[in-house]
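Use the sequences and the hints to build the structure in full.
There are 2 protein chains.
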Amino acid sequence: MSTALINGAPRENISVHDRGFQYGDGLFETMAIVNGAPLMWGRHMQRLLHGAARLGIHAPSESLLRDEAEQLGRGVERAVLKIILTRGVSGRGYAPDKQAQPTRTVSLSPWPDYPAERRTHGVAAQFCRTMISRNPATAGVKHLNRIEQVLARAELEQDCREGLMCNEFGQVIAGTMTNLFIVSRDRLLTPDLSHSGVEGVMRGLVLERAVKLSLDARVMDINKSDVLQADEVFLTNSLIGLWPVRRIETKEFPLGRITQRVQEAIVDAYAAD
Amino acid sequence: MSTALINGAPRENISVHDRGFQYGDGLFETMAIVNGAPLMWGRHMQRLLHGAARLGIHAPSESLLRDEAEQLGRGVERAVLKIILTRGVSGRGYAPDKQAQPTRTVSLSPWPDYPAERRTHGVAAQFCRTMISRNPATAGVKHLNRIEQVLARAELEQDCREGLMCNEFGQVIAGTMTNLFIVSRDRLLTPDLSHSGVEGVMRGLVLERAVKLSLDARVMDINKSDVLQADEVFLTNSLIGLWPVRRIETKEFPLGRITQRVQEAIVDAYAAD
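Residue numbers (this note's numbering), protein chains in the order written: chain E, 1 to 273; chain U, 1 to 273.
There are no misleading hints in this set.
Since the list can't tell identical chains apart, any single copy or any two copies may satisfy a pair.
Heads up, simulated DSSO-like pairs for lysine-lysine below, C-alpha to C-alpha not over 30 Å straight-line:
hint: 1; residue 1: LYS224; residue 2: LYS212
hint: 2; residue 1: LYS142; residue 2: LYS212
hint: 3; residue 1: LYS224; residue 2: LYS251
No lab work stands behind these hints: they were computed from the structure.
The structure is reproduced here in structure tokens:
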């Protein structure tokens, strides 16, 4: 069984002239497959199509991607599905050839098997020195330009499961692979992503479910001291669901009540054991 | 004859799992080949090795790259040589596999054949709406995260040969594929790149040769009005050499005396007709 489809064909290679390779000129989605089916498919597709429109890349139909995801997922109990969409193969230069056609890759990776106690007992995190840059033209989009996240991830100390990234004004934007939430005076707060960061699918779900839980949830600017003075801190993404943060550097946090309520409210949407 | 070598082998494909494709996790060099030999090889290698060290990617030896460049360039009158170095093939996630080995690709593309009058008579340029972001961790490096340049390039009006990109503070940083110089009161000025942009090989040469010409050359912050009020404006890169800018939007510029002196001083370093 192949673990990748490239424009529908079972292959593991792409052209060296693909703009995804040449310029990171594309975007991606990563999602959980459970018992052959992708979780939160609709939300992932919505973000992919929205991001493709932002970058001016013609997206394939949702049904085509769904067929390919199901083809790879058939018989699979639990795995990670990644879709990459690029502006395609082209000659050299930032202006693409007029005849360039988008490249879509759909691939399957082993489930990362994060220990369950990260979800139940929480994790330690740290602030990274590597900044996250600001650009409204690309903010929110899960594009392929991820060197900042790679450099930040490389800073992680051994006992830390995630690094928090700040912009140059000291506003905390996100973890390298997660979105950040804090609870402060019973309000649920998450950073504004209009200038940096990725609008996580799980972040969107948490914000929606928070309303159903009658929580006062707000998107706003958050700085380091807001995080360090928070009552509760947690991280989200499509694969991990929600990890409570129990320590950031020397500051400890409780396993909070609101964190646990949110975790229970999204349990249908991630691949819990 | 193959036009690409991937880790030394004549191939045109890379693994879909290469981190260059997955995250833009790598860097590149683009240079002119004239009569089989790369121009400004030493300067390109210096930047590549410095950039690789900045990103923590192990670089191959210069002699290995030189052999591969000459192998592709053999018998070629004029062409573009591009070297891409990535962190290599790895499993999913921002932390690379410990055993990941860098991927190097060396490829040849046709010479772009820019009309000679761009160099002799100059070009029109415009300011782009797409901002260039700021991050000291990646500034100066010719890395593979180029979506901003792609989006800015797509803005170009038909008669414009280059788009100038500003950061969020309105400082002008560079063209999408060129470095910017202005002449103001007999001083030669070029933007500071410690927070954004690529330290062009030709920019470095121009700054060096300016000293030999006894020009007062300075690296500093430059804003839009500095550019529009300049006496002369020009653009540089390794392939074009130097293009005088004759018009930015409605503002016209002369074909300046200092611009022409600089152009003559670098004529050995680019592939002029």
